[in-house]
Every structure is written in structure tokens, then in C-alpha cells.
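Asker: Heads up: the sequence shown runs through residues 1 to 77, numbered per my numbering.
Note that these hints are calculated values from the structure, not bench results.
Just to be clear, a hint being listed does not mean it is correct.
Said to hold, decoys possible - Label-pair restraints from in silico Cβ distances: (1) 56 <-> 31: 18 to 24 Å; (2) 74 <-> 46: 29 to 35 Å; (3) 29 <-> 71: 27 to 33 Å; (4) 63 <-> 23: 26 to 32 Å; (5) 33 <-> 74: 15 to 21 Å; (6) 31 <-> 61: 14 to 20 Å; (7) 76 <-> 28: 18 to 24 Å; (8) 23 <-> 69: 29 to 35 Å; (9) 20 <-> 46: 27 to 33 Å; (10) 60 <-> 40: 28 to 34 Å; (11) 76 <-> 39: 19 to 25 Å; (12) 75 <-> 22: 14 to 20 Å; (13) 50 <-> 75: 28 to 34 Å.
As the list claims (entries may be wrong) - In silico lysine-lysine, DSS-like type, Cα no more than 30 Å apart, as pairs: (14) 20 <-> 72; (15) 28 <-> 39; (16) 52 <-> 68; (17) 57 <-> 39.
All values derive from a computational prediction rather than experimental measurement.
Even glycine gets a Cβ: it sits at the ideal position worked out from N, Cα and C.
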Amino acid sequence: MKYLLLIFGVCALTAFQEKKEENVFICKSVASERYHLKKTCRGLSTCKTEIKTIVRKKAESYGRTLCKIEAKQLQGK
Numbered sequence: 001m002k003y004l005l006l007i008f009g010v011c012a013l014t015a016f017q018e019k020k021e022e023n024v025f026i027c028k029s030v031a032s033e034r035y036h037l038k039k040t041c042r043g044l045s046t047c048k049t050e051i052k053t054i055v056r057k058k059a060e061s062y063g064r065t066l067c068k069i070e071a072k073q074l075q076g077k
């Protein structure tokens with residue numbers, strides 16, 4: 001009975017946890033097509049407009065994809 005209550009308690013606590021959304025960086029230029037994991041990414045150095053922080057899912061909904069430089073770095077790990 002104690003184990004059943006413990007399992008129920010753990011399930012109840014984890015069911016209501018909010019998932020932390022990942023923030024990414026985008027250049028607000030009209031021609032920009034990528035999002036970046038780090039604000040210091042070399043790909044953002046050419047941005048002539050504002051660099052904005054948004055949620056990754058939102059960036060992807062705008063049609064943005066991960067920066068090729070950072071994608072290669074992730075594959076190398």
C-alpha cells in the first residue's frame with residue numbers, strides 16, 4: 001500500500017510539471033532563415049538588424065532551421 005501511494009504521488013507531481021522551452025536566437029532580417037543556439041554564434045555576426053530571443057518551436061513555426069555551423073558542431077560531439 002505504501003508503494004502504491006508513493007508511485008501515485010510521484011506520478012501526480014510529474015504530471016503537472018511544465019516543460020521548459022528552449023530559447024534560441026534569430027536575426028530579425030527579412031532574409032534570415034536560421035535560428036541559433038548561442039548568441040555568440042559566428043552565423044549571427046553578419047546580422048545587420050536586431051537579434052531576438054524566442055522559443056525554438058516558434059522559430060521553427062516561422063520556417064527557420066538550425067544554423068549549419070551549430071548543426072555541424074552538434075554532430076561532432
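Asker: Confirm or reject each hint.
Answerer: Quick rundown of the hints versus the structure:
no. : hint                  : result
1   : 56 <-> 31: 18 to 24 Å : 20 Å, holds
2   : 74 <-> 46: 29 to 35 Å : 21 Å, violated
3   : 29 <-> 71: 27 to 33 Å : 20 Å, violated
4   : 63 <-> 23: 26 to 32 Å : 18 Å, violated
5   : 33 <-> 74: 15 to 21 Å : 18 Å, holds
6   : 31 <-> 61: 14 to 20 Å : 18 Å, holds
7   : 76 <-> 28: 18 to 24 Å : 29 Å, violated
8   : 23 <-> 69: 29 to 35 Å : 18 Å, violated
9   : 20 <-> 46: 27 to 33 Å : 30 Å, holds
10  : 60 <-> 40: 28 to 34 Å : 21 Å, violated
11  : 76 <-> 39: 19 to 25 Å : 21 Å, holds
12  : 75 <-> 22: 14 to 20 Å : 18 Å, holds
13  : 50 <-> 75: 28 to 34 Å : 29 Å, holds
14  : 20 <-> 72             : 25 Å, holds
15  : 28 <-> 39             : 13 Å, holds
16  : 52 <-> 68             : 19 Å, holds
17  : 57 <-> 39             : 17 Å, holds
In terms of the numbered hints stated before, the structure departs from hints 2, 3, 4, 7, 8 and 10, listed from lowest to highest.
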